[in-house]
Amino acid sequence: MNLKHLISASDLSRDQAIEILDTAKEMAGVSDREVKKLPTLRGKTVVNLFYEDSTRTRVSFEVAEKRLSADVVNVSAKGSSVSKGESLKDTVQTLAAISADVIVMRHGSSGAAHTLANSDWFSGSVINAGDGTHEHPTQALLDAYTLRDRLFASAAGSDLAGVNVAIVGDIAHSRVARSNLILLKTLGAKVHLIAPATLLPGALAKSAESSYFDFDEAIEDLNLDAVMMLRVQSERMHASFFPTESEYSRLWGLNRERLERMGKDVLVMHPGPMNRGLEIDSYCADSPNSTVLDQVRNGVSARMAVLYHLAGTERNI
Amino acid sequence: MSFTLKSVTLSDGKVTNVSIENGLITAVGQQVAGEVIDCSGLIGLPGFVDLHTHLRQPGFEQSETVESGSMAAALGGYTAVHPMANTFPVADNAGVVEQVQRLGEEVGLVEVQPIGAVTVGLEGEQLAELGTMNKSKARVRIFSDDGKCVSDPLLMRRALTYVKTFDGVIAQHAQEPRLTQGAQMNEGAVSAELGLAGWPAVAEESIIARDIMLAELTGSRLHVCHVSTAGSVEQIRLGKARGVKVTAEVTPHHLLLTDELARGYDPVFKVNPPLRTAQDVTALREALIDGTIDIIGTDHAPHPEELKKCEWSAAAFGMLGLETAASIAQLVLIDSGKSSWSRLAEVLSIAPARISGLEHQGQPVEIGQVANLTLINPLVSRTIVDGGVSKSNNQPYVGMQLPGQVVHTIFRGTFTVRDTVLARKA
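The listed protein sequences derive, respectively, from chains Z and R. If you use the numbering used here, the first sequence corresponds to residues 1 to 317, in order. If you use the numbering used here, the second sequence corresponds to residues 1 to 426, in order.
None of these hints come from the bench; they were simulated from the model. Where is the CB? At the ideal position from N, CA and C, for every residue including glycine. There's no promise every hint is true.
Chain Z stretches covered by chain R per the calculated footprint, using a threshold of three residues with CB under 8 Å from any CB of chain R [claimed, not checked]:
| no. | stretch |
| --- | --- |
| 1 | 85-98 |
| 2 | 104-113 |
| 3 | 133-142 |
| 4 | 191-203 |
The list that follows gives simulated cross-link-like pairs (lysine to any residue, SDA-like), each with its CA atoms no further than 25 Å apart [unchecked claim]:
| no. | chain 1 | residue 1 | chain 2 | residue 2 |
| --- | --- | --- | --- | --- |
| 5 | R | Lys309 | Z | Ser76 |
| 6 | Z | Lys89 | R | Lys391 |
| 7 | Z | Lys89 | R | Val268 |
| 8 | Z | Lys185 | Z | Asp15 |
Make a model of the complete structure from these sequences and hints.
Put into structure tokens, the structure is as follows:
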């Protein structure tokens, strides 16, 4: 695959996305072996450069890198020169100087991974592990993988044609929503957006199959295969995007009653971490419909597949 | 020094000779005197006047100085610039504005007429000593908190009224602060896609609408800096129709560039107010042609590399403009076939000089006037490259082909630029 960086879900063609999902399926087999290791990245140094706190994404990348035999270095904003005000350029050039091969970066500024990939500061591969409110392409890959696995048993070469997915919540500030909107469409799915008007930018609504302010109206209209609930951050409430947590929960939260109206087969997805009782109640989070833990598990496989295609040298799985 | 510019084409199309002696225009017509300089094919205009310049001195000399900014101005055809007050210390008192003006005189490449801050420290809380700055040697007549908006309506009303005492003008940076908290670029389809916090047009338009009402109430002069949206043009059109004393400015970059350029996350395109949409660009061009917008002001805003070669949200707002403004004016007014050299002289020289009350700038090319002149070759086309004379490199037009070239700039009867080459002061 002729791909050096993964910055945006739009970097992937349909065929490339399917190839990564197929590879991820093979990688999932590796994680079930007694010795969970491949030599793909042996001798390569991968740096996880995290400017924002993240447990699950960082751990997921780290496990994926280690299963591919990479030498892994974790750099977090806390306890490094980053917190002393060093520029992105200087930090990255430092990592380049110690011969890092891949940088996996989480950064609070939208476009930071793009800036890094297009700079002359670092010549290796860059993987965007979330940039501000812009994109989180590996999350979209693991979500697509989860959908394909649950709906089509990960049949090799299959896409998501005709699958109806609703993304519900803070679309405006969500990198998960942006990347999923792009990737799921690339794979032929129909993406519907559901959010209060304050959190649903018109430009994104236009690129979706449909958009709704009213969750119940959407449930009535749509025959959904999956509903993806986004985490709601309480600082949005303080900035008047919605009045109270209880009103948000009442109007846009997923609860048992709404789940039952959507039908017994609908998949309940959440990128985590969940606010139980706010955007999702415990009944839904723990129901058999929930894919939350599958998503976490599949995240490792999807990230192994991305690393394999971007930086792998030994191609035997 | 005595010389004659031979066969100059004036803005009305007339071809004539212009003789200059001891700083003054001494003859316009057939006769020649002193050294004869062939200017056939060149357009002779009153020297350009920029009402919106950031020279960064005192305080930010790593970005620009009065000297380097004056050099850039001369190369751009300017004979006068108005440095904004957002220096360190802020130009909110007689001491700083006199210092900046004195630095300008020492460099001697352009007239440097400082703008004073409206409020102490640009903090938007207490009026600066506007009267004292006006009575100082710098004779400040334009006041602006540029970079920040005078958002408090009471303070804006008082400032507008107070400067009537000496026929001053308040130049407003129209930006409602609450509507633009954390804003990074124009709010619209591109910002939604890029995940960058939006700067909505209404944040500019609502302040302009309010300020026009306040100018109407007080009978004072309001100048609107860097108008960037079609809706703002509409507000100004309505205000002018009611007879309000409002003038408006557009930057070269808002006449040419759009928010699509943010897609590469290159902070060279990060500017405040932000680059808007193609529809806004069209409305601004029409307004400049029909007179709704009075002038082009560069908002020349130099920044050092560390504030531009970084991630978008960490970067500073602003771009260079002095050395390219005339080319963009030519593109919009002349090469479009929609306007005239007279209009170009009006928006780059005559109107800004009138708003500022500069006696010897923006005057017609006639006997007895101080010789502040710019001569342009409109037929050449140049590719913009990095590395102008500004101390900074945040040049958004690199690689673009722009029409026209300033060949000579004459300031008080002396060449500051001759044959496109900067003349350093002896």
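Hint by hint, here is what the structure shows:
1. 85-98: Since 3 is at least three, the answer is holds.
2. 104-113: holds (count 6)
3. 133-142: Answer holds; 3 residues pass the 8 Å Cβ test.
4. 191-203: With 3 residues in contact (Cβ-Cβ under 8 Å with chain R), the coverage given for the stretch 191-203 of chain Z holds.
5. R/Lys309 x Z/Ser76: Roughly 22 Å separates the two Cα atoms, so the pair holds.
6. Z/Lys89 x R/Lys391: Holds. Lysine 89 of chain Z to lysine 391 of chain R sits at ~21 Å (cutoff 25 Å).
7. Z/Lys89 x R/Val268: Judged against 25 Å, a Cα distance of about 16 Å means the pair holds.
8. Z/Lys185 x Z/Asp15: 13 Å, holds
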